[in-house]
Amino acid sequence: MVSVCAYPVLFLYFRNINEVVFTQVFAPMLVFAAIAMVAWLAFGMLSGTIAKGAFTALLFILVFMNYSLIEEVIRRLVPEWRWWRIAPTFLFLFISLAFALRVFVNRREGDDSLFRITVGLGAAYLVLTFFNAAGGMSVLARARIAEARTATDYSPEGQGYPAILSTPARPNFYYFIFDEYARQDVLKKYTGLDNSPFLQRLESKGFKVSYSSYSNSVSTPVSVGNLLNFDHIFPSPLETRRGLPRPPLIEVFKKAGYKTFVGSQFYRFDADLVDVSLASKEFPVSLSIGRVAMARSLIIYGVYLRRNENRARREDSLSLLQRTRDISKELTQKPKFLFLHILLPHEPFIFDGNGDPVAEGDMHNWADPRHYAGQVIFLSKLIDELTTTIVTQDPQAVVLLQSDHGARSFAHIKFEEKRACLNCAYLGGNDVQIEGLSPVNTLRLALNYALGLQLDIRKE
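With the working numbering, the residue at position 167 of the sequence shown is 167, and numbering never jumps.
Note that these hints are calculated values from the structure, not bench results.
Warning: the hint list may mix true and false statements.
Subject to a maximum C-alpha distance of 25 Å in a straight line, what follows is the list of computed SDA-like cross-link-like pairs (lysine to any residue) [said to hold, decoys possible]:
hint	residue 1	residue 2
1	K255	D275
2	K205	R323
3	K381	E347
Here are the simulated distance ranges between beta carbons [said to hold, decoys possible]:
hint	residue 1	residue 2	range
4	S212	L30	55 to 63 Å
5	F415	P197	26 to 34 Å
6	V276	G355	24 to 32 Å
7	S96	D275	55 to 63 Å
C-beta atoms are modelled at their ideal positions from N, C-alpha and C, and glycine is treated no differently.
My request is simple: use the sequences and hints to build the entire structure.
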């Protein structure tokens, strides 16, 4: 039972070992353990034996600690259900299970079997914890090696990287990935939104817009992983994750002498590659492991914490985009490379078309396309303002606006339409043909322009 209660907290700790301190794990583990003990006693009284109570309590605490994920799945199937319906239903099921065990499992052999199952689950979670610990130690060791590196380690002749040719002045490079931004034709088909005025405004600023681009995957880890490697090399999420901490894209700019500004609401990268981290409140783990662990459980989830998290997500998205506008105005001795992967217009839908909050019950509502369309409308306004600032302040810059994939959750949407993505490029106002290119190949063209590389166009 203890290993089960400790697992989610230690999982968060080992996954964020570079950002947190070990003392943060004690409070949430004690809370979960105390709740499990109370549940054990209560279900033991209802079921009649300690073994039956332990088995029921184990299932209860698993649901309790992962309540937010379970609710999200249920609300995808039954959108009108809320926590005040879901939580009592689960409580009723567990009480019914305890009484059923009392009535139907009345031999010692039955208790012994339930005890073995309980111990087996506990042992499995203990093994998983050791695996996570090993992974965390590996990350910590790699980070210490990275911190020991000096700036002289970054030279344009890094082994395994394309040759970076000498140029008089390298342009600043701004690279944005807007998660799940659908291509114009798919957007209009499923939401009725005609996004062409926004795209035409981009074209009037010198952007080239592809109206027929497809991402190489509908999976964010695969798509973003390939973009960070500027190649089609990852077919599955499991393979992608191994290379994400040190992506070649960021490293090649570092080797070329750029000052790197990097932000993602989804990934973390090795600290020696990032000069300025665009910190995101989407990762509150570094502030409090307990806060994140509790957010996943039933504790105050439906009443207070989720409302605060949604507010923080709104503020975070706005502040990240504002920060990029400020960075474009900064004067630096080195050329700037900015990479921002932001989870918009990806659900949850936190902005309507005017930037106002969306009702909690509609934050994952794909059945009504107005919510996705509203988030696209507001985000497009922010992108319009951002690109105007960059192009005005820095007309020689390179700016890429892409998405990792298109919208994926509309009813009856075809697989190829899920891959239909945003793909826009500004290369110092120069003419470049990107129509029909994938985001990876568009990025390769931009790297050739900015760094003097000689990357070929990959087969789509």
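Of all the hints numbered above, which does this structure not satisfy? Sort the numbers upward.
Failing hints: none at all.
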